[in-house]
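With the hints as extra help, turn the sequences into a complete structure.
There are 2 protein chains.
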Amino acid sequence: MNLALDMMGGDFAPLEAVKGLLLYLQQQGKGTVYCIGDENQVQALLNEHAVPKERVVLVHTTEVIGYHEHPTKALKDKPGSSIGKGFQLLASGKADAFISAGNTGAMLVASMFFLKPLEGVLRPTIATVVPKIGGTTGILLDVGLNVDCKPQHLDQFGLLGSLYAQTILGINNPSVGLLNVGEEEGKGNILCKETYPLLKENSRLNFIGNVEGRDIFSNGGADVTVCDGFTGNVVLKLGESIYDVVKSRNIHNDEFMHRFAYENYGGTPVLGVSKPVVIGHGISNDIAFCNMLSLAEKMVETDLCGKIRVAFQSTASPA
Amino acid sequence: MNLALDMMGGDFAPLEAVKGLLLYLQQQGKGTVYCIGDENQVQALLNEHAVPKERVVLVHTTEVIGYHEHPTKALKDKPGSSIGKGFQLLASGKADAFISAGNTGAMLVASMFFLKPLEGVLRPTIATVVPKIGGTTGILLDVGLNVDCKPQHLDQFGLLGSLYAQTILGINNPSVGLLNVGEEEGKGNILCKETYPLLKENSRLNFIGNVEGRDIFSNGGADVTVCDGFTGNVVLKLGESIYDVVKSRNIHNDEFMHRFAYENYGGTPVLGVSKPVVIGHGISNDIAFCNMLSLAEKMVETDLCGKIRVAFQSTASPA
Chain A
1 MNLALDMMGG
11 DFAPLEAVKG
21 LLLYLQQQGK
31 GTVYCIGDEN
41 QVQALLNEHA
51 VPKERVVLVH
61 TTEVIGYHEH
71 PTKALKDKPG
81 SSIGKGFQLL
91 ASGKADAFIS
101 AGNTGAMLVA
111 SMFFLKPLEG
121 VLRPTIATVV
131 PKIGGTTGIL
141 LDVGLNVDCK
151 PQHLDQFGLL
161 GSLYAQTILG
171 INNPSVGLLN
181 VGEEEGKGNI
191 LCKETYPLLK
201 ENSRLNFIGN
211 VEGRDIFSNG
221 GADVTVCDGF
231 TGNVVLKLGE
241 SIYDVVKSRN
251 IHNDEFMHRF
261 AYENYGGTPV
271 LGVSKPVVIG
281 HGISNDIAFC
291 NMLSLAEKMV
301 ETDLCGKIRV
311 AFQSTASPA
Chain B
1001 MNLALDMMGG
1011 DFAPLEAVKG
1021 LLLYLQQQGK
1031 GTVYCIGDEN
1041 QVQALLNEHA
1051 VPKERVVLVH
1061 TTEVIGYHEH
1071 PTKALKDKPG
1081 SSIGKGFQLL
1091 ASGKADAFIS
1101 AGNTGAMLVA
1111 SMFFLKPLEG
1121 VLRPTIATVV
1131 PKIGGTTGIL
1141 LDVGLNVDCK
1151 PQHLDQFGLL
1161 GSLYAQTILG
1171 INNPSVGLLN
1181 VGEEEGKGNI
1191 LCKETYPLLK
1201 ENSRLNFIGN
1211 VEGRDIFSNG
1221 GADVTVCDGF
1231 TGNVVLKLGE
1241 SIYDVVKSRN
1251 IHNDEFMHRF
1261 AYENYGGTPV
1271 LGVSKPVVIG
1281 HGISNDIAFC
1291 NMLSLAEKMV
1301 ETDLCGKIRV
1311 AFQSTASPA
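If you read the protein sequences in the order shown, they are chains A and B.
First residue of the first sequence: 1, per this note's numbering; consecutive thereafter.
First residue of the second sequence: 1001, per this note's numbering; consecutive thereafter.
What the hints contain is simulated information worked out from the structure, not anything from laboratory work.
Computed from a predicted structure; not experimentally measured.
Where a beta carbon is used, it is the ideal one built from N, C-alpha and C, also for glycine.
It cannot be assumed that every hint is accurate.
As the list claims (entries may be wrong) - Here are the simulated lysine to any residue pairs, SDA-like style, with alpha carbons at most 20 angstroms apart:
hint, chain 1, residue 1, chain 2, residue 2
1, A, Lys247, B, Gly1066
2, B, Lys1187, A, Thr72
3, B, Lys1247, A, Arg259
4, A, Lys150, B, Lys1307
5, A, Lys193, B, Gly1105
6, B, Lys1247, A, Ile133
7, A, Lys193, B, Asp1148
8, A, Lys187, B, Gly1066
9, B, Lys1132, A, Thr72
As the list claims (entries may be wrong) - Reference listing, derived: stretches of chain A covered by chain B, where coverage requires no fewer than 3 residues with Cβ under 8 angstroms from a Cβ of chain B:
hint, region
10, 139-148
11, 181-194
12, 212-224
13, 237-250
14, 291-297
Here's what the structure looks like:
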């Protein structure tokens, strides 16, 4: 298995990427890793941290897409950037997955451009894991890729999220909830009112009805919480800020609060495109990079994209 | 000043309402309070807690609108309910403000039916106070009354929120932010993209641009955060659940976290209707009832509704 890793993306790259790579290999990570970045800089760090040479292929580039660059323009102007090269490796089949903590917009645009949505998937989506108070983990999607959604998009997010929860999180028959302002059917904005019947009638989902803001982190909620990308993005960033607060107040070592530590997160998967792509947070540390490599490995190993392809083919087919 | 208080609304009514009323009077509350509820039950509690007789007028009713009743139907079927009687007192001018921790939907429907929106106000709104990490307080609106909004509604929420922040919270020239998925102008869903120019061009607002989910509780954000009622409601309930979590984990005595203690909140004001209405949380305790009475008193004393009336008249007039 070959994983492509952008060594130049993230606030603390390439150092944290190298440290994360080492952690991943120490934890029996199975992949060979294409390290895309400035050869001199990266090689020195790989040597310094004694990263096993046989597990690494250096792919040289000095071009990087900055955080404030316009995604589409930057991808066009910098085909040799670390993100550009990563997607070329992925699209050509040399790499089985690509991971970057760089410019999120560029990662998303490139996912569409190089990989394209799987047949039947109207809108690829990005999801975040959410810690549940009882110790389990759920997911929330969309968290920002699709800020204006139609009911059929949310319906598909339910299936994409279910496949992810089942395949990657190991949740059997994951429950799906529609994020709403009240529990009863018929509640909500126009989008929710029109989405509810679609989810309810979708025999491939374990739909449990509406869930509210208070349910996202509680076990009373759903394993898979579905919402438009505007609401999801607000929730995601609010959750991160709560962690910043508890950290600043020194109560982040609380067992539950610690699970909000987004600098450790394993990144956000792009769901609904043909190959595994994982986008990291800008502040990703070594643990985050290690987790992202593990997540990418798991996405490859379980053939999540293949499972999504099959699920959506059967949706699209005339039966 | 006469304040009407629903003694039957809330999970712990009428006991907490009576205890809150006593607290309010002990803290030099200026109002005479119409206590609407079951005479026998309430009188016994008033005696038991030695609430000063001269500050209280009992208004008898045994009819209550339950939490799960349909608001419009219940108001029609139970004109003598505690909420119905409260609005009658308010509409007739006997009471200057009405406070209830009862059925929120019924409170909102009755606000429209008995009081009507002020001239020029397209959509009355409900706001919640938000604790800021630095110790200050901001507000977020709408938090659930208007789940589908148009740009001009959000523009008006900016003005309603500014008047509230200035008049009630004492914030001079309050900053107004549009809750969005990114900071730059042009970001966001269709609603935000169309709202931004309205807020920017509104000379009566101190508009500071887009704010994100992470800014709601931070000082980097705005004093007044404007959003549609769907997003606001999700944020509100998420915030409450965070408090439940920290409480369950015994870290709620942290100075900042303690400010999330919504059982203490002073209730949610309805903004844009002709008279002061305060809606309490179902789990309101004595402190919450006391705070709601104080808030209602302040709304009357500062003539917030009059200020809103004038502001919106000048908006509506052809100048």
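Tested hints:
| no. | hint | in the structure |
| --- | --- | --- |
| 1 | A:Lys247 to B:Gly1066 | violated, 41 angstroms |
| 2 | B:Lys1187 to A:Thr72 | holds, 15 angstroms |
| 3 | B:Lys1247 to A:Arg259 | holds, 17 angstroms |
| 4 | A:Lys150 to B:Lys1307 | violated, 40 angstroms |
| 5 | A:Lys193 to B:Gly1105 | holds, 18 angstroms |
| 6 | B:Lys1247 to A:Ile133 | holds, 12 angstroms |
| 7 | A:Lys193 to B:Asp1148 | holds, 11 angstroms |
| 8 | A:Lys187 to B:Gly1066 | holds, 18 angstroms |
| 9 | B:Lys1132 to A:Thr72 | violated, 37 angstroms |
| 10 | 139-148 | holds (count 3) |
| 11 | 181-194 | holds (count 5) |
| 12 | 212-224 | holds (count 7) |
| 13 | 237-250 | holds (count 11) |
| 14 | 291-297 | violated (count 0) |
When held up to the earlier numbered hints, the structure conflicts with 1, 4, 9 and 14 and fits the remainder.
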